[in-house]
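Q: For reference, the chains in residue letters:
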Amino acid sequence: MDLNFEELCYSCRTGDMDNVDRLISTGVNVNSVDKFDNSPLFLASLCGHEGVVKLLLQRGAVCDRDRYEGARCIYGALNDSIRDTLLSYDISKAVDVKQPFATHISSIYNDESFLNKDISFTLANDQQFTAHKFLLCARSKVLAEKLANEWAENNVLLTEVRPDIFDIFLKFLYLIPILHVIQPEQYDQLIKLSSEFNVELLPDFLDKAKHSNPMEKSRLMSEYQYKFTEVVRKQLLQFVNHCIFNSAIDVVDDRQQTTSLRDCPAYPDIQLSVRNRSGNLRIYPCHLAVLNRAEYFKRMFTNNFKEKVTYVKAKHISGKHNNVIPQLTLPDCEFEVAEIIIRYLYADSTNIPWTYAVDVLLLADILLEDRLKTIASTIITQSKDFIQQHNALDVLYLSWETRVERLELFAAKFIAIHLQELSNDPELKRAIVLSSERISLRQETDTIELVDDIRYYLLRKYSFDPDDVELFETQDDLEYLKQVGYLEYRRDMETLDNILTELGLEV
Amino acid sequence: MKKFETKLGRMITNNKTRISVPEKLGLSGQSFEQSWEIVKHAIDHIYIDDMADLSFEQVYRTIYTIVLNRKGPMLYDNLKTYTIEKLLFFRETVFKNNAPDYEILETMAGLWETLCNCFKITGDLMMYMDKVYCKPNRCLEVYDMCLDLFRTEILQKRSSSLISALISDIDGIRSSGSMDPKHTSMWKVLIGMMETLHDNRDNFFLTDFEPVLISATERYYTDAINIKSLTPLEGLEKIRKLKQFENVLDSSFLNADSHNKLKKVLGNVLIWGKLSDVIEDLTHEAMKLSDERLLQEIYDLSGERKYKTTIIESIKSYIRRIATAVPFKDGSRKKGQNAITWSSEILSIFRKQRLFLGNTKFGSVQVNSSVTYKFIGMTILHDVFETYFSEEGALPSEYISTYVDYCMKQTNDNDAEVAKIKEDLLDSTKLIELLSEKDIFESTYKKQLSRRLLQQKSILEIEKWMVQMIKDALGTFFTLKLEIMLRDISLSSRILQAFKSSSTSSIEYMNFVPEVLTRTSWPFQSTNPIDESIALPPRMSQMLMGFEEYYSLKYKERVLKWAHHLSVIEIGCQFNNGYYEISFSVYAGAIFLLFENYEELTLEEIRELTHIPEEDVKSLVMSMSTVPKCRILKRSSNSGNAKFSVNYFFSAPNRKVKVPIIAGPASFHKSDNLASQSLVDSYENESIMEVNAAIVRIMKTEGKLSHQQLLQRATKHMERRFHLTSSTFKRSLQLLLEKEYIQRDADDTSCYHYLH
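Heads up: the sequence lines are chains A and B, in that order.
So the first sequence is numbered by the UniProt record's numbering: it starts at 1 and just counts up by one.
So the second sequence is numbered by the UniProt record's numbering: it starts at 1 and just counts up by one.
These are calculated hints, taken from the structure and not from any lab test.
A couple of the hints might just be wrong.
Stated by the list, open to error - Residues on chain A that point at chain B, a partial pick, calculated with CB under 8 Å:
#1 Pro-203
#2 Asp-204
#3 Lys-208
#4 Met-300
#5 Asn-303
#6 Asn-304
#7 Ile-325
#8 Gln-327
#9 Ile-366
As the list claims (entries may be wrong) - Derived DSS-like pairs (lysine-lysine); straight-line CA-CA distance at most 25 Å:
#10 A:Lys-298 x B:Lys-457
#11 B:Lys-430 x A:Lys-298
#12 A:Lys-171 x A:Lys-227
#13 B:Lys-131 x A:Lys-298
#14 B:Lys-430 x A:Lys-308
#15 B:Lys-157 x B:Lys-71
#16 B:Lys-120 x A:Lys-298
#17 B:Lys-457 x B:Lys-430
Backbone N, C-alpha and C fix where the C-beta goes; we use that ideal spot for every residue, glycine too.
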């Protein structure tokens, strides 16, 4: 087993915050388990180190209550405070799993493929750096200003900045972890450059690092690297809201298809058009470098399909006078849904109102965004409002459609709880029949998954173990059985069996 | 709570908001046929590599809609049929009949690469179906399905022409002898293809191609070289080249596993099939040239145990050949001289080969040998020399002993070379270990040692060291008597010290060194009869008496007898031309000293004065009066009765002069000759004693044994000392039967019983 992971587990037991922090920054998988099946999160919560628990959660440790490890953490927690912390970090909030966001932002800096970088800097000794305008724009107001005015051209001459300093600075903007390579003699120059462009946190870090010993410095590094990510997320969200959504235009007349958003403050290289259910068309200025995060777009541009050919062509003739920007179409959906997707892709924002959760789920399914699907279905299962507005059986069908097991279990649980009210609903019978027909697909015999799930949740409903039920069967003290709820359980089971008999299903 | 639940239940039955999936996101209103046309159109364009007008968005969403409408199975089947159609088209149009090998390969590799790309793009387009339909229904994903179709529709249909073309192309490059990256990279593509495509057993490469490749390689290299037409070295060079080339070639296009398989084939064909015919000559060649690298290379050519054993045997036969080539009995020279030359040459061979083999890495190989050294080279030498010595019988033992004797005598003359001589001696012990007739060595050594000790021909310290070395090599048993001899000498010098300090009667001008020897340990049969009656000059006999007195006081139980024939006397004498120190046997000395009192003496007078028998007197006087180097007496022949007097005109180049014995007293003969008949006899008597003891030991434990069993056991028992001959065994057996140690079985005459 990974030595670092072992050390991480040890530090989680002892509550050594700094060391946990450091170890996580080395890339240890915080969701792994040791040879006794203990996750770091479980160890920390069992030993009562709240700070470590929070840190682990912030860094992507998953406490999913519907999974064994997650449940174990919560029940193993030493005190209520830790338990509350764990509960508050259900999966919907844990966004840093394997850091796809920061990694993606960093990756676009080094991407040498056909993707567009639309600004280049020439420094002293003719060294060239290229970047994305939208990112610079998002990262600092000063940079945004400059882009709008002095740097309106695509080539910028920056002879007064030292190339090595600019290199670090640019990488920093893209969240590439470079803090450890900065030499003391570069500190002042970097602070100066960052301040000049009004880029926060980096000067802050450098100031502190100047006066720190190596131990503190390494702690600072991981602390700040994390802060940087958070800030970029915020900044990109702002950018999406201000620059992208504000620049989006509604096309009133369908024939007016040649709308170009080229000169909008978002500096787009691609346009994303969406038609909502009322038939209105809206076009968002977007960036392929970011959309690429979704498997769907990535594959679209892997091969030389029309989309890529058009994009590459547009890139090559993107002189000042070219107004053409390739346009992609999202499947029809409400603008709000499209915007949720855009916010998710740009800023990893997972703030999904329950009213749009289903639409987001379906769209994510098309776009092959499994993580977004999980998040959307979590919203569905956690929202109290949702189930009041929707039919549980519809949730079941939705789960089959999108292959999200969480929703399937959720529906089964709901049916188990409300079995008496639902027993006469023809829809339930239809669902059971449909579930039995799915047997052939699963190549399993003798079981109807829905019925099995319901039976399972009936046990849970009365907090019974299968052993308990066996025990109760031999009892004849009615009063006692009534008291423990066995009679009600029997009634529910009989109801379910009656339905099955009625449907002629032998299980 | 109850209330809340009912409310919820109502809500559910009310079906407030329905979630309707398909219509919302899919492309509604298309029939499957229409959708399929779109997909088909896309596939057409993919296969002609013209996708610029193909919208991924549109095709993807079409597929999404089809799958969502549960038409996945239809789409999958249609896609399969259509892909087969495509592949058929390629198969029929791309391949030409009777195309040259290279072209076939090129076509296949090209087709594979093109189609793989098409498959991948198709797979990308179909990924929604992969995820939603293929995975849950456990059918191959689109890309894998296409690959499988490629296997069944193209590869299998063309496999025989592909395989034969590939093999002949490989053979072509082999015979050209130079790498061609164009070819190898193409092979690599094709083999990659074969490794990718697999049926439910294994990939095509393993099932169909590799076996063919292996047998083709075997065939190719069997024909590639005719080892008989080349000299061993040329053959090796050629094989080395072939092997190297094939290795480079294989590594350029094969995976490590197959490469290893081919290496083995190569080993079998080239090394076993070809080289093994000349391997002995080749090994001898390497040995002759003392070329360590060559030998190592030959040895390393194959990892087969059988091969390595062959080489080791070849090394043995070579060393044996050069060892036997050393002249063993050269009639023209004296035996002693022969012994020295032979031994030193054998020793130098031993050394040279040990050094040479020491630089060869033999790895861990089992050698058929009675002994196992950590160092295989040593095992080899051991085997070779042991066999050689045993074949030559007793002589090597005597020769080596003589050689040691020679070396020992050197030590006295030349201090500077002691270290080198010690080294020679040390190596000699290695050879001594290998002697088959160690008893002969022992007895010869004992005689020679005794002479060296008594005549002080060597350095005592080195003698002691050597005996220790022999002890280390052969065991305590062999050196017991030798050690006693050494001890006697040391003890004597101490007794002398004590005697001198105690003796009141110091005798001027005389230096007396008595040696007290344990009779049983020294190789002398008896004392000389002359010693009983000889009349020594009064000064000498007076001194001997003094010592006898002293000794008998000290060791009352011991009997002291003088052995003059082993002693030496040294007399300093002033001649007209200078002062000389002359060493004599005691008898000659006694005679010479007579001339202190007499001017002239006849032989008869000498005999009367000394009581030495006439014959002996004659030869002693002859040795002093006729040998040119030491003519210290002169003969004045008046009539028949010759008279002798001191020759004052004697002169010699050195101050030290030795009077040799021309034909010494009869008793001298025995100890003076090497391996004479009597020595062998005495040796045989000794060995019979040993065999007797061994047989008694064996029979005592076993009680009853057959003749054959007993012979075997006894032979094994005696192995370390000498080779048991059946005649010795029979003699010993006879003796034991006579003495009633054992008894023949009454019924079965081939059986013996031990009698308690």
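Q: Now tell me if each hint is right for this structure.
A: Against the structure, the hints:
no.: 1; hint: Pro-203; result: violated (45 Å)
no.: 2; hint: Asp-204; result: violated (44 Å)
no.: 3; hint: Lys-208; result: violated (47 Å)
no.: 4; hint: Met-300; result: holds (4 Å)
no.: 5; hint: Asn-303; result: holds (5 Å)
no.: 6; hint: Asn-304; result: holds (5 Å)
no.: 7; hint: Ile-325; result: violated (16 Å)
no.: 8; hint: Gln-327; result: violated (10 Å)
no.: 9; hint: Ile-366; result: holds (6 Å)
no.: 10; hint: A:Lys-298 x B:Lys-457; result: violated (100 Å)
no.: 11; hint: B:Lys-430 x A:Lys-298; result: violated (79 Å)
no.: 12; hint: A:Lys-171 x A:Lys-227; result: holds (16 Å)
no.: 13; hint: B:Lys-131 x A:Lys-298; result: holds (16 Å)
no.: 14; hint: B:Lys-430 x A:Lys-308; result: violated (85 Å)
no.: 15; hint: B:Lys-157 x B:Lys-71; result: violated (32 Å)
no.: 16; hint: B:Lys-120 x A:Lys-298; result: holds (14 Å)
no.: 17; hint: B:Lys-457 x B:Lys-430; result: holds (24 Å)
Taken one by one, the earlier hints fail for this structure at numbers 1, 2, 3, 7, 8, 10, 11, 14 and 15, listed in ascending order.
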